[in-house]
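S.K.: Now for the letters of each chain:
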Amino acid sequence: MSESMQIHEEFEIKWGMVIDVDKCTGCGACQIACQAENNIPPSTQSFDRLQSLHWLFVYKLDNGLPYPDSDIAYLPRPCMQCGNPSCVTVCPVVATTKEEEGAIVSQIYPRCIGCRYCMAACPYHSRVFNWFDPQWPKGMEKTLTPYASVRPRGVVEKCTFCHHRFQLAKRRARAEGRNPHHLREGEYVTACAEACPTGAIVFGDLKNSHHRVHQLAQSEYAFRLLERLGTDPQVYYLSRRSWVRRQGDNHVQKDQQRGE
Amino acid sequence: MLEEELIPQGVRRCSLTKFGAWIGVLLLFMLWGLCAAFLIYGFGLGVTNLNNYFAFGLWIAIDLIVIALGAGAFFSGFLKYILGIDELKSIINLAVVVGFVCYTGALMLLAFEIGQPLRGWFGYWHANVHSMLTEVIFCITCYLIVLSIEFVPIILENRQIHKIPFFRNLAHNFHITMPLFAAVGTFLSFFHQGSLGGMFGVLFGRPFALREGFFIWPWTFFLFILSAIASGPVFIMLISTIMEKASGRKLVPFSTKKLLGKISGLLLCVYLFFRILDVWAWASGILPKTGFTFDEMFNQFYGQWLLWLELGVGGILPAIILVTPSLRARSGLLYTAAALACLGVVVNRYVFAVQTLAVPVMPFDQWFTYLPHWTEWGTTFMMVGYSALVVSLAYRYLPLFPKERELNA
Amino acid sequence: MALDRRGFLKFVAGGVIGTGLTPLPWKLTDDISIWTQNWPWIANIPDGELRPAPSLVKLGQPEYGIRITTVEGRPITAAGNPDHPLSGGGIDPLAASSVQLLHSPARIREPMKRSDGGFQAISREEAIRLLTEKLSGLKGQRDQVACVSGDETSSANEILAGLLRDVGSERFFFHPGDTTMYHHTWQKLMGGRGHIGFDLAGADLVLSLGPDLLESWGNAVSHQRLFGENGFRLLYAGPVQNSTAVVAERWIPVHGNALGHLALALIHHVLQQRPLAGKNLSGVDDLARYVRRNSSQIQAQKKTGLSQETIRGLARELLEAKRPLVIPGSLAGGCGASGFDLYCGLSLNLLLGRLNTAGGLQCIPEPPKVVRGAPSWSEMRQGDLLSELRRIAEGSTSAPELMLFYESNPMYSLPDKELTHKALEAVPYKVSFSQFMDETAASCDLLLPHHYFLERFDDAFTPFSSPSANYSVAQPVVDPVHATQSVPDLLLDLYRELALDPGHASYEALLKEKARILGADWKDLLSGGMWHNSTVVSQSGLELWNDRIRRMLDKSRDGTDEYQVHLVPQSNRKTGTPQTAIPPFGLKTLREEELEGDTFFVRLNRQTARKNGVGEGSLVKISSPEGACRARVSLDEGVMTDAVVIPLGFGHTDWDEFSRGKGDNAQRLFGIRSEPGSGMAYCPSPRVRIDKIQAAR
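Protein chains in written order, with the working numbering: chain A, 1 to 260; chain B, 1001 to 1409; chain C, 2001 to 2697.
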């Protein structure tokens, strides 16, 4: 890989997720909580990965075997907030950055020119484009939250790990005279993690040994999506099922993988 | 003043009625594009067939294609002014005009393509030095200025304008600074042609496009330059030939055309050598490293036939014809080879822009197929119509071809 | 005029610098960057102070405490309430979009009456006058007023049932579902007392015989949370790898109509292993004799399709577990489970000694009654709406003159469309209290829209599947958005108009009284807390065997079916509940293999597809004796062979653009059966036929 592709920087705090695929029932509460929190407009059409605005999508995986040997899993996919984001380097106008605080990949809507180069760069399809102006049924705009501005058509958007909640948590910590850089577990969680009824989505600072994600990410059952590409995602998945772990990446041969 | 008085001295042009009808046809094409533009700006890019999977589509592919084919402008300038190949004098004006319409056309499509065209200038103000696209934006606009400067003296050569002493003087000044601009143009072009290739080679999330590289430049950087300079000259030659067929007049000596064919042929050989190496290194190195096989890069729609079309029909075949003196001496074969060489570049740019995005990267993801919407075609044809319009006007009113009088004597 | 090279370059450079010095380019670029982020048609978000407000989600099962965040009094988001035991911080997709439903385009904005095929807005006073006239005209005439309530836990039911009784009618019905089915089975068939709850938190092994515990059944959110805490091992037996089976330790594929037989087979094994099991239970010997005769290993294998080893292994796991819990029920809520299914599952628990013990079945006392003239909750649950509608349709009983619909949409969510529509259309005057223009409201004569749950006081006593008696309260978190009313308060006014005494000045006062009787702290309830009490009802008349049970078991063999393929209903909260429809945010979460355009998908495996000549994406007609649906095929190997999964919640004909015309209503395919012995009406999953309309794409 050439030099220009690497802007890998290490941060003091690295917010991340560990999603236990074996606990996800695919109910979709996380997706809806995300839409409400981040002012993602509803649509009169069902999900269409080609046109829908979505920050978090729950994929349905199967092991490819016929009944009765079949198995199914649901895999929620937020933005991976890559340590080495493929999208950040390509943006011509610095509309997306790997934030210093918390190592979250930001998206600056007023800056974005809508060239969609970042979407071409991201292999996770975490980035979506505002193909039309956003619309809410009359009156429903009253439920817009102050957390995220409403994006006009023509800009790219993506999951921000509910960055506003991080700001809020830091403000609260400062007000209480605590160090805003050492938030306690649970002080800052994303809307999807908060909503998840089975607790499949665990959120925290991957570098903070007091946070659950720190240990969970080191589990022998942990894996990340497309690790081979070198994106260094900050979202980990857990599954005791080897076929699920195997679908986390592409494999040419029956090569070995962690936990197999 | 009669219209005939605007036409360069000593050459014959068709009647104004006939010319008017031709312009009318071109305007119809542009009207189609205007309807599409109205929909795109009125409702949003959602009216096109671009989507979250195909962030790039026809427009970007066309941009890449016309910029590659428009490379004839800088490259023939480079050959004439810097290397001093004087025989290219008979085609250099056309090369500048074609380059100008290719680049302005590309910018016109970009104005549709980007979601916030009013923020287009953010590329300069908030430039990200890490992005290949920034390099493209800077080089393309700078080069467009150069092209415009190169175009101005050609306009000033118009019979009536040339009568005015100030413009005559100005044209003279332009002419003597031309080698400087040719050099600047060459420099800028090398970079943006390369950066356009680099744009795809750096996509390390997209194994189809990802390439290893030299320093900060992936191999596609160099391959795009090579393929552009290999196809640019024959593209200019093709355009001149089309103009000859359309006007029924001889415009460029066949010896010049053969020379262009030879230059392209040699460069095509060099390009193909590296391109085939590149495909081999990609298939045997990058793909397995990212966990993919060669076969997984293709499906029924985006099949391997595209690769063979690019390398064989659009590469090896025209290369053989163009480097073989006896073959390129036959006009039919020369033109066919030229067209095939251009086809090779068209396919190459198309797969980099579109197939790169069609290949599913997550194992549980799927292939999607993209077919451009009529609004995308409409705006593209508007661009083609605009290009033909500029070339037609230039041909009618400007002395584009210095040898025309001599050839038709 | 001379211009040398130097002069020319000066001219060019001067031009560029000169333009740069004017304010023009800078002003223009500055303006552009401001305009392009402030288009007037892009909604602006007023900022303000964020406040949390506790609430209680009342959109059908499950009901639990949530937390609404408001900005300057505007509710903006909903999240689970960590302090409410039934939420534990979790939320389901419907509740997560409940704030947006407040502004749903389907909300009925004001009272309306039918006129010339449409609706005409009327004042609240006129609406009350119309209803009062009707009621006073029918007062004293026996059973001329009926009511269907889709809210199983609210004290509003007492007001409604009390009003009915006061005007001389006992025709109060709950919308049919597992709550009423359990009630009938436990109390009427088996002679039990109280109503059944499930202590999942205390169990170490949970075997679900059908219910999609973690998605659509009972307190699903609470089940999900308990599962996530790794409290118990989870096994799922049913025809599809649904949300529960996906995460369960094991999926045991069994067709829906064989789940009761699986329970019987397990009973057989349990009795073989533990001959003394359930010795203190009345009728155990008869049951033992029955299973010996009818659930031998070979018979069980034939009926369930499971190998003898599988059944034996499952029985061993249940016997070896310290605190096993078996949960029978419908595949997708509703009333798909028969008395037979529930009886067999409950009996298995009883034989395993799992009654009124930690991690077992809990007999929860009836809710206290606070409306004086109202029937008891047990009496309220006596009604059998499906049987009643059948009798009306068949003409064996007369339709009531007036019918009230409270939080209920039977026109959409009941099976056998022909029968139910015929019965409901026979009612001369229908009144809906629905907040939304649902299918039933659209067919009514008078609409008196209720406040949305975020705008009103309401309560929930022990939502179905709760492990113990509990009580929660909802309070207004926002001023009413439309000209709607608190229906319980309106009904209390009606009492007074009819010169009756409800005993309470307002609904709020009534709820306070209920809290007082329970010994709950009102303030704590308002702040989002939940009162609970783990007292259980001891049993005296419980019996595993009686004449009705015998008759029910004898008739339990599967009837001869016309078609081959088993229909499997599946319900997801993101497509709404029987009381609601697909919420605006829910629609967008439906994947390509769930809904495409206006066509929804049925799921079946490759073998079934091959047998029926269809493939991925084929457009098919699914027909049962009752009706037909149009759908596309999605191949899913998580479905048993010879089964087709059909999702509920689609095919609304009213509501709003987020649910109207999206797919077909699967309820069309279901019929109503009367079960011999138990006398209960239920809606078994029919066998269907699959016809290809259009080949696979």
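Keep in mind the hints are simulated off the structure, nothing from the lab. Quick caveat, the model's predicted, so the values are computed rather than measured. Do not rely on the hints blindly, as some may be mistaken.
FRET-style restraints, in silico, Cβ to Cβ [said to hold, decoys possible]:
| hint | chain 1 | residue 1 | chain 2 | residue 2 | range |
| --- | --- | --- | --- | --- | --- |
| 1 | B | Thr1293 | C | Gln2308 | 51 to 57 angstroms |
| 2 | A | Arg184 | C | Pro2105 | 25 to 31 angstroms |
| 3 | B | Asp1295 | C | Ala2628 | 20 to 26 angstroms |
Derived lysine-lysine pairs resembling DSSO-like cross-links, with alpha carbons at most 30 angstroms apart [what the hints assert, rightly or not]:
| hint | chain 1 | residue 1 | chain 2 | residue 2 |
| --- | --- | --- | --- | --- |
| 4 | B | Lys1245 | A | Lys60 |
| 5 | C | Lys2139 | C | Lys2523 |
| 6 | C | Lys2692 | A | Lys60 |
| 7 | C | Lys2692 | A | Lys142 |
| 8 | C | Lys2611 | A | Lys60 |
| 9 | B | Lys1089 | B | Lys1289 |
| 10 | B | Lys1080 | C | Lys2010 |
| 11 | B | Lys1080 | A | Lys14 |
| 12 | B | Lys1258 | B | Lys1245 |
| 13 | A | Lys138 | C | Lys2422 |
| 14 | B | Lys1289 | A | Lys207 |
| 15 | C | Lys2010 | B | Lys1163 |
Part of the chain B face toward chain A, derived, beta carbon under 8 angstroms [to be verified]:
| hint | residue |
| --- | --- |
| 16 | Asn1128 |
| 17 | Leu1357 |
| 18 | Ala1409 |
Glycine included, each C-beta is placed from N, C-alpha and C at the ideal position.
S.K.: For each hint, tell me whether it holds in the structure or not.
M.R.: Going down the list of hints, with the structure as the test:
1. As the Cβ distance of Thr1293 (chain B) to Gln2308 (chain C) is approximately 45 angstroms, the hint placing it in 51 to 57 angstroms is violated.
2. Hint check: Arg184 (chain A) to Pro2105 (chain C), Cβ distance near 42 angstroms, so the stated range 25 to 31 angstroms is violated.
3. For Asp1295 (chain B) and Ala2628 (chain C), the hinted distance range of 20 to 26 angstroms is not satisfied, since their beta carbons lie about 43 angstroms from each other.
4. Between Lys1245 (chain B) and Lys60 (chain A) the alpha-carbon distance is near 58 angstroms, which puts this suggested pair outside the 30 angstroms criterion.
5. A C-alpha spacing of about 39 angstroms is found between Lys2139 (chain C) and Lys2523 (chain C), which places the hinted pair above 30 angstroms, so the restraint is violated.
6. Proposed proximity of Lys2692 (chain C) and Lys60 (chain A) is supported: the alpha carbons are some 26 angstroms apart, at most 30 angstroms.
7. Distance check on the hinted pair: Lys2692 (chain C) and Lys142 (chain A) sit about 46 angstroms apart at the alpha-carbon level, beyond 30 angstroms; violated.
8. Taking the CA atoms of Lys2611 (chain C) and Lys60 (chain A), the gap is near 25 angstroms; set against the 30 angstroms cutoff, the hint holds.
9. This hinted pair does not check out: Lys1089 (chain B) and Lys1289 (chain B) have alpha carbons roughly 49 angstroms apart, beyond 30 angstroms.
10. Of the pairs offered as hints, the one joining Lys1080 (chain B) and Lys2010 (chain C) holds, with about 27 angstroms between alpha carbons and a cut-off of 30 angstroms not exceeded.
11. Proximity of Lys1080 (chain B) to Lys14 (chain A) is assessed by CA-CA distance (about 57 angstroms); at most 30 angstroms being required, the pair is judged violated.
12. Proposed proximity of Lys1258 (chain B) and Lys1245 (chain B) is supported: the alpha carbons are some 17 angstroms apart, at most 30 angstroms.
13. In summary, the hint linking Lys138 (chain A) to Lys2422 (chain C) is not supported, as the alpha carbons are separated by about 36 angstroms, beyond the 30 angstroms threshold.
14. This hinted pair checks out: Lys1289 (chain B) and Lys207 (chain A) have alpha carbons roughly 29 angstroms apart, not beyond 30 angstroms.
15. This hinted pair checks out: Lys2010 (chain C) and Lys1163 (chain B) have alpha carbons roughly 24 angstroms apart, not beyond 30 angstroms.
16. Given hint, Asn1128 (chain B) at the interface with chain A, holds; its Cβ is 5 angstroms from that chain's nearest Cβ, closer than 8 angstroms.
17. Of the supplied interface hints, the one on Leu1357 (chain B) holds, with its beta-carbon coming within about 6 angstroms of a beta-carbon of chain A, less than 8 angstroms.
18. For the restraint placing Ala1409 (chain B) at the interface with chain A, the shortest Cβ-Cβ distance is roughly 52 angstroms, beyond the 8 angstroms limit, so the hint is violated.
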